[in-house]
Amino acid sequence: MSVDWKIGGVLLGVVFFAAVLLVKPIGVSTQFVILDGILTDAVNADFITQTDEGYTSTNAYMAKSGGKYAKSAANPLNYSFVFVLAMMAGAALSAFARGGVGRDEKRLPAIWKANYGDTPMKRYMVAFLGGFIVLYGARLAGGCTSGHMMSGMMQTSLSGYVFAAGAFAAAVPTAMMMYKRG
Amino acid sequence: MEIILAIVIGAAFGAVLDRIGATNPNTITRMLNLRQLNLMKAILLAIGTGSILMFAGQMIGLVDVAHMSVKAAYIGVFIGGLMLGAGWAASGFCPGTGVCAAASGRKDALFFIAGGLLGAAAYMVTYPAWKASGLLNNIAGGKVTLGTVPGSKFDGIFAVSGDILGIVLGAIFVIVALVLPDSLSGQPTQSELPAE
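In order, the protein sequence lines correspond to chains V and Y. My numbering puts the first sequence at residues 1 to 182. My numbering puts the second sequence at residues 1 to 196.
Pulled out of the complex, with its shape left as it was, chain V reads as follows (with noise of 0.2 angstroms):
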């Protein structure tokens, strides 16, 4: 079963606070970058290329900072993409051990079809332009709702306020207008 806010919370802010004290603080959406880089090059070998410093990469993107983004997709038995993949099956683990989510909510979300009926390609399509604009904004942002709003107010970082403002100004409105119901 879910556990208690309060419990879940402290349970969430010591794994925040043992990735900064045992490696880095947790970001999640620069992954996103690195498997687009990992299958790009996959397609098209000259994407990524090692140099005498390092990697780079013929998207000026992907070869900023000193090519560590070309680096990491060259390498994906990285820290931060194996954080990811292993995130994925601590949750489904976890999900699996509390009965699994249902087969009706698998298929659509419950608040989904109190708002817009049993629609589910229409509910795919908005979850398909949900993530495109959400890791857009993100690259844009340079992190997302772990790496900026949480490591980065945790850490008292200005980018973190500015960043979480932004999200809550447009999130709060839009889930207000899209879904009355439920």
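Any given hint could turn out to be false.
DSS-like, lysine-lysine: derived pairs with alpha carbons at most 25 angstroms apart [to be verified]:
id : chain 1 : residue 1 : chain 2 : residue 2
1  : V       : K24       : V       : K64
2  : Y       : K131      : V       : K71
3  : V       : K64       : Y       : K143
4  : V       : K106      : V       : K180
5  : Y       : K143      : V       : K24
6  : Y       : K131      : Y       : K143
The set of hints was computed from the structure by calculation and includes no laboratory data.
Starting from the known structure of chain V, arrange chain Y on it as the hints suggest.
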């Protein structure tokens, strides 16, 4: 060694996100339309707890200050935040919770990931235009913290002790989590509550 830590911390992060309901788009949506704020309270408590532990740990020398990683502030951070917020509310997923939801078997989350990969690729292609626009240029010093953290390579905006400020702000996050009501816009009726 680092890979083992990635597996252990990553798995713990995913499991906790699942247990607080963050991987469930119903819970995310009801937080963002202000109907049920338990998840918001958990997130605020987590930021506060993490902040207090980290800064207290740095003060007593337990936590290596060099592990801090502060991101740059620029106008694009706010614009990107607005975009992420809109997509987050529409889909009920953010990057981390989206991949976790997909791993838990949610079909819509797979579409979210596909859209995300395309969105990240679109940014990679359009990056030079953003760079040229000046919207990625640092504001207020770029990679800065609110206070000045002793031993950190990041500048502080205010000349106050960054450690103490971090602990005080952490405590404020905890207090806000505790006093925030369960709902700000009417609880959903029982029949509206989606069954898990």
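Holds or violated: Y/K143 to V/K24, with C-alpha atoms at most 25 angstroms apart: 16 angstroms, holds
Holds or violated: V/K106 and V/K180, Cα atoms, limit 25 angstroms. 22 angstroms, holds
Can the restraint linking V/K64 and Y/K143 be considered satisfied, given a maximum Cα separation of 25 angstroms? With Cα atoms ~17 angstroms apart, V/K64 and Y/K143 stay inside 25 angstroms; holds.
With a cut-off of 25 angstroms on the C-alpha distance, tell me whether Y/K131 and V/K71 pass. 21 angstroms, holds
CA of Y/K131 to CA of Y/K143, is that 25 angstroms or under? 17 angstroms, holds
Pairwise hint evaluation, V/K64 against V/K24, where the allowed Cα distance is 25 angstroms at most: 21 angstroms, holds
The structure agrees with every numbered hint stated previously.
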